[in-house]
Amino acid sequence: MTDQTSAAIVRIRGVNKTYASGFQALKDVNLDIKRGEIFALLGPNGAGKTTLISIICGIVNASSGTVIADGHDTLRDYRAARASIGLVPQELHTDAFESVWSTMSFSRGLFGKAPNPAHLEKVLRDLSLWDKRDAKIMTLSGGMKRRVLIAKALAHEPRILFLDEPSAGVDVELRHDMWRMVRELRANGTTIILTTHYIEEAEDMADRIGVINKGELIIVEDKKVLMRKLGKKQLAITLRQPMRSIPDALDDWSLELTEGGHTLVYSFDTQKEETGIAALLRALGEHGIDFKDLRSSESSLEDIFVSLVHQPNEVTV
Amino acid sequence: MNLHGIRAIYRFEMARTFRTVMQSIAAPVLTTSLYFIVFGKAIGSRMGDIDNISYGAFIIPGLVMLSLLSESISNASFGIYMPKWAGTIYELLSAPVSWIEVLIGYVGAAATKSVMLGLLIMGTARLFVPYEIAHPFWLIAILLLTAVTFSLFGFIIGLWADNFQKLQVVPLLIVTPLTFLGGAFYSINMLPPLWQKITLFNPVVYLISGFRWAFYGMADVHIGVSVGVTLGFLLICLTFVWWVFNTGYKLRS
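One line per chain: the protein sequences are S and Y, in this order. For the first sequence, my numbering begins at 49 and goes up steadily by one. For the second sequence, my numbering begins at 883 and goes up steadily by one.
For the record, the hints were derived by calculation from the structure and aren't laboratory data. Here the structure is a predicted model, which is why all the values come from computation and not from measurement. Take the hints with a grain of salt, since some may be wrong.
[Unchecked claim] So the derived label-pair ranges between C-beta atoms look like this:
| hint | chain 1 | residue 1 | chain 2 | residue 2 | range |
| --- | --- | --- | --- | --- | --- |
| 1 | Y | His1017 | S | Ala144 | 41 to 47 Å |
| 2 | Y | Trp981 | S | Gly62 | 23 to 29 Å |
| 3 | S | Ala144 | Y | Gly1005 | 30 to 36 Å |
| 4 | Y | Asn1128 | S | Ser344 | 53 to 59 Å |
| 5 | S | Pro163 | Y | Ala924 | 50 to 56 Å |
We put the beta carbon where it would ideally sit given N, CA and C, even for glycine.
I would like the entire structure built from these sequences, with the hints used as guidance.
Structure below.
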């Protein structure tokens, strides 16, 4: 066993999943999650993120392959494996008529832990839910329900925490609270795996990032390395006169002509010392190309996924 | 054994029962009281004794069974169907609990409620009709066995159902007719010979007959056969649930 393997708290080997409908949700996924890291799994809708998490947690059966969680096979030794895992699902699935305190107590018991009111109180206070402990879940707002799901997942003190799209429908304040808590959990040794659509979220939080698309893990990389690859920005230059084609003199820049020749789009790398914008604008002036507006934007994660799907080699590190 | 897990499920289910006490306890007790007033007092007073037992007393075991079966099924089927419907089943599926622990929690709670209800109905019946119990040990044993078996059957219905209609269709269209035709209000000896044979295919006959034997020491079929048939049904249900949890049928995709 290599050092890297022994440091892995979750080991996924050759996992495939084909649903009864014939849809292949996962294709030969191999992945090691390191102990104590925050790992972000990115991917568009239907990429297989939730299926992968569900297989690790025991909610979905894999068609083939193995998953080891905290040293235990998730099928053969499911008790020990599952006891170490906490899951915050994507959807707000809650018991409407239960109180916050009783639903948390239920979760802790279900995962085989003796009652520990002090721990439950700490989790509820950390999530600003202590005042709501006797409230029925149905009376809480969406954001509060999300906190309740996190509280339930933490009730049995898991060593591995899965957060499936935790920011969906959550306001800025809760998002910040949540990330503060995630950092604290990591500081206390909990490994965190999150899925997200938001690149900023992954950028803020993750140590490593995996990108999954159409059931395949396209890339797994240290965040800093990956952000350099994904951190492209675009400058849209609205022209006074439309162009038929890009002049040869502008070949040095990566330009695209859009909107029927009315807009020049320049893609540049924010990580480089020189973005090339100043030189481009000078060149436009020198060649008498007038423009009336400039607009810079960061490519969305969806755009990046599209580029990953069509040109996977471009981003493979 | 995850005892904390079993306790958590059991307490959750019992809390649900007490939250809906009007629906789950008061309503069946009221319905049964109405049966006693109508069949036991009003109509029963004009009917002759059956095997030297007054008609009012004769129908008690059948009426208790009627409530016991329908409440066991409905309580256990709702218990497992609701998390499926609300999506909270994810927690049960990802928890370190075995299928037998899940069963003890859900079926145990459903059966507890049914037994409580059965005893309550027997107590209510005592207000209307005087009766003595010939075999108290067997009465409790049959009460428990029936409650557990039919709670297990209800659990299976809850696993199988993927809408509210399916949840109701088996209790309403199969179990209730079988119970009415299972000798709740008559002795099968009162039927024509051919129907006496046909009715033996109705499993509820064995339950009611066994229960009536525990009350009054008289039965349509031998008590051993009654207990044997119920145990056989229990084993079939257990095997099915074991298969469901092992294959993931309707639970894990």
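### Task
Starting from the range 53 to 59 Å, see whether the pair Asn1128(Y) and Ser344(S) falls in it by beta-carbon distance.
Roughly 57 Å apart at Cβ, these two residues keep to the hinted range, so it holds.
### Query
At the C-beta level, are Ala144(S) and Gly1005(Y) separated by a distance inside 30 to 36 Å?
At roughly 34 Å between Cβ atoms, Gly1005(Y) and Ala144(S) fall inside 30 to 36 Å, so the hint holds.
### Query
Can the suggested window of 41 to 47 Å be confirmed for the beta-carbon pair His1017(Y) and Ala144(S)?
holds (45 Å)
### Query
Should the hint that Pro163(S) and Ala924(Y) are 50 to 56 Å apart at their CB atoms be regarded as holding?
holds (53 Å)
#### Entry: Whether the CB-CB distance between Trp981(Y) and Gly62(S) falls inside 23 to 29 Å
holds (27 Å)
The earlier numbered hints are all upheld by this structure, with none contradicted.
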